[in-house]
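As given, the protein sequences belong to chains U and W, one line each in that order.
To convert, note that position 83 of the first sequence is 83 in the UniProt record's numbering; the numbers rise steadily by one, no gaps.
To convert, note that position 219 of the second sequence is 219 in the UniProt record's numbering; the numbers rise steadily by one, no gaps.
Keep in mind that a hint or two might mislead.
So, partial list: chain W residues that the calculated Cβ filter (under 7 Å) puts toward chain U [as the list claims (entries may be wrong)]:
1. Val75
2. Ala76
3. Ala116
4. Val266
What the simulated footprint calls covered on chain W by chain U, stretch by stretch (three residues with Cβ under 8 Å from a Cβ of chain U suffice, anywhere in the stretch; the number is not a length) [stated by the list, open to error]:
5. 43-52
6. 66-74
7. 80-93
8. 127-133
9. 157-167
10. 180-194
11. 251-259
If you're looking for bench data, these hints aren't it; they were derived computationally from the structure.
For every residue, glycine included, the Cβ atom is placed at its ideal position computed from N, Cα and C.
These are the residues of each chain, in order.
Number of protein chains: 2
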Amino acid sequence: MNAPTPNQQALYQARYGSPEPAVPAAGSPIIDHLLAHRSVRAYLPDPVSDDQLAAIVAAAQSAASSSNLHAWSVVAVRDPERKARLSIMAGDQPHIRQAPLFLVWLADLARLEQVATTAGEAHAALDYLEMLQVGFIDASLAAQNAVTAAESLGLGTVYIGGIRNQPEAVAAELQLPPRTVAVFGLCVGTPDPAQPAAVKPRPPQSVVLHHETYSLPAQAAGLAEYDGAMTAFYASQGMKVRGTWSNHSAKRIRDAAALTGRDRLVEALNARGFPLK
Amino acid sequence: MNAPTPNQQALYQARYGSPEPAVPAAGSPIIDHLLAHRSVRAYLPDPVSDDQLAAIVAAAQSAASSSNLHAWSVVAVRDPERKARLSIMAGDQPHIRQAPLFLVWLADLARLEQVATTAGEAHAALDYLEMLQVGFIDASLAAQNAVTAAESLGLGTVYIGGIRNQPEAVAAELQLPPRTVAVFGLCVGTPDPAQPAAVKPRPPQSVVLHHETYSLPAQAAGLAEYDGAMTAFYASQGMKVRGTWSNHSAKRIRDAAALTGRDRLVEALNARGFPLK
Numbered sequence: 001m002n003a004p005t006p007n008q009q010a011l012y013q014a015r016y017g018s019p020e021p022a023v024p025a026a027g028s029p030i031i032d033h034l035l036a037h038r039s040v041r042a043y044l045p046d047p048v049s050d051d052q053l054a055a056i057v058a059a060a061q062s063a064a065s066s067s068n069l070h071a072w073s074v075v076a077v078r079d080p081e082r083k084a085r086l087s088i089m090a091g092d093q094p095h096i097r098q099a100p101l102f103l104v105w106l107a108d109l110a111r112l113e114q115v116a117t118t119a120g121e122a123h124a125a126l127d128y129l130e131m132l133q134v135g136f137i138d139a140s141l142a143a144q145n146a147v148t149a150a151e152s153l154g155l156g157t158v159y160i161g162g163i164r165n166q167p168e169a170v171a172a173e174l175q176l177p178p179r180t181v182a183v184f185g186l187c188v189g190t191p192d193p194a195q196p197a198a199v200k201p202r203p204p205q206s207v208v209l210h211h212e213t214y215s216l217p218a219q220a221a222g223l224a225e226y227d228g229a230m231t232a233f234y235a236s237q238g239m240k241v242r243g244t245w246s247n248h249s250a251k252r253i254r255d256a257a258a259l260t261g262r263d264r265l266v267e268a269l270n271a272r273g274f275p276l277k
Numbered sequence: 001m002n003a004p005t006p007n008q009q010a011l012y013q014a015r016y017g018s019p020e021p022a023v024p025a026a027g028s029p030i031i032d033h034l035l036a037h038r039s040v041r042a043y044l045p046d047p048v049s050d051d052q053l054a055a056i057v058a059a060a061q062s063a064a065s066s067s068n069l070h071a072w073s074v075v076a077v078r079d080p081e082r083k084a085r086l087s088i089m090a091g092d093q094p095h096i097r098q099a100p101l102f103l104v105w106l107a108d109l110a111r112l113e114q115v116a117t118t119a120g121e122a123h124a125a126l127d128y129l130e131m132l133q134v135g136f137i138d139a140s141l142a143a144q145n146a147v148t149a150a151e152s153l154g155l156g157t158v159y160i161g162g163i164r165n166q167p168e169a170v171a172a173e174l175q176l177p178p179r180t181v182a183v184f185g186l187c188v189g190t191p192d193p194a195q196p197a198a199v200k201p202r203p204p205q206s207v208v209l210h211h212e213t214y215s216l217p218a219q220a221a222g223l224a225e226y227d228g229a230m231t232a233f234y235a236s237q238g239m240k241v242r243g244t245w246s247n248h249s250a251k252r253i254r255d256a257a258a259l260t261g262r263d264r265l266v267e268a269l270n271a272r273g274f275p276l277k
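Next comes chain U alone, as it looks inside the complex (with noise of 0.2 Å):
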């Protein structure tokens, strides 16, 4: 490959916040692509067509599923009142009321329940906590393909996660069986061009990515790099944001309140048919 191209440095310069980011001699516009994915939060009115849902999922469907089980499923939910009452479950959301389509991506062992019964046969291993994560692991490879798609579209999207906040009341809204629960959101329209969404910065490859093992302290260099991108970004953004990003993912964490409700998905798991064994 030849050296980065000034889009390609404009995008890595972008995505981890730094003047001066390394722009490695490997790339496609499909990397391009995904470099410039940004979080949306604001849409104009346009509907999405049943063609670019049906254009979205074939790409969801597109991503690799465990075992082929296919544990997930997605529920369209275009429907006004019901968008407004979701997005109340989910902690008040303006933008699932605003954004035309919403996403409600499921892990669902309630088909293969059925496929097992119909076969005949037991099906004692959708008892276990390995098989919620089989369904929450093929949900999430599917939206991200599905965001992917959406985005070559031209539309945008922002994941919701919480639509775990109540998982109960969200199954009775969307009428889901036992064995299956919400795992995201996600919120799908045109963006609106008066609000645009800005690329936040990530970390340096420092910090996530590892070699041959895993170490804490090399992450300390690029964390505190990170604090630093980050409060350049809430500056260039006018968010005026107290503390660093190390501070509020601190706070994120610090007790069960912080959680808005998901401290109890234990609770809820279990009154939605995961005993989690």
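Starting from the known structure of chain U, fit chain W onto it as the hints suggest.
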């Protein structure tokens, strides 16, 4: 968008194992790229360069992260002896030995514990199942971007769920601290053209995509169709497979023994520093 191109027609045919699939009137070159995904289990010895790895990790980092916490890491393993040991732990899968690069994706709460400790804060939320799920989701979103990026560089990949068979042994091999655990592995390398991988069919969209509310009965027709598509796929690949996809899937979830060690995931996670409150 115009009518589907012959290439798009062929991509949807392969993806759904159907001679006449529904091809949506929306698409993009990036969606075409995602549709063409296949899992690769035969590799040439050509190395994956540091520049390629850096571009792949930059793409991975560009995926969303819950609350911007970056609760994941990845260990890049190239050492043949370490790969050989990991391959045995993961159910003796020879492609882990053959691939020049094996990426082990981690749910990583150890970094956050260190961030909190350094900030003088408590970190009680890390003890909850919710935070493990955040790690699994973050790692999965990142890894799926890595797959998309790797394929755009001409590389092939395959996920290795077997890395969860023996979490403690994998942790010892990679020197993982408490509050980290392997989510899955990913082989990366140049596909061996002498053993080309096929696109594996997926169920019709009626199986995984729901509108407004979830329905189990609505999936029955699509599942029957999928059994037919998979039987035709096995035949086309010269695979001597007995029974349908439904039969195999049912066997895969029949009992704890079918989980190949992962029935003790709760115990292993407890030992790895995840109390799973």
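Here's how the hints hold up against the structure:
Given hint, W/Val75 at the interface with chain U, holds; its Cβ is 5 Å from that chain's nearest Cβ, closer than 7 Å. Interface hint status for W/Ala76: upheld, as the beta-carbon distance to the closest one in chain U is roughly 5 Å, under 7 Å. For W/Ala116, the interface hint holds, the least distance from its beta-carbon to any beta-carbon of chain U being 4 Å, beneath 7 Å. Taking 7 Å as the C-beta contact cut-off toward chain U, the hint placing W/Val266 at the interface holds, the least distance being around 5 Å.
Residue count for the stretch 43-52 of chain W with a Cβ under 8 Å from a Cβ of chain U: 4. That meets the three needed, and the coverage hint holds. As drawn, the stretch 66-74 of chain W meets chain U at 8 residues by the rule of a beta-carbon pair under 8 Å; at three or more, the given contact holds. Figure legend: the stretch 80-93 of chain W, annotated as covered by chain U; annotation inconsistent (1 residues with Cβ-Cβ distances under 8 Å, at least 3 required). Check on the stretch 127-133 of chain W: 5 of its residues sit with their Cβ under 8 Å from a Cβ of chain U, so the three-residue criterion for coverage holds.
Only residues whose beta carbon comes within less than 8 Å of a beta carbon in chain U count, and the stretch 157-167 of chain W has 4; three or more means the coverage holds. Here's how the stretch 180-194 of chain W fares: 3 of its residues keep a CB closer than 8 Å to some CB of chain U, so the rule of at least three is met and the hint holds. Counting residues of the stretch 251-259 of chain W whose beta carbon lies closer than 8 Å to any beta carbon of chain U gives 8, which meets the minimum of three for the stated coverage.
Of the numbered hints given earlier, the model fails hint 7 alone.
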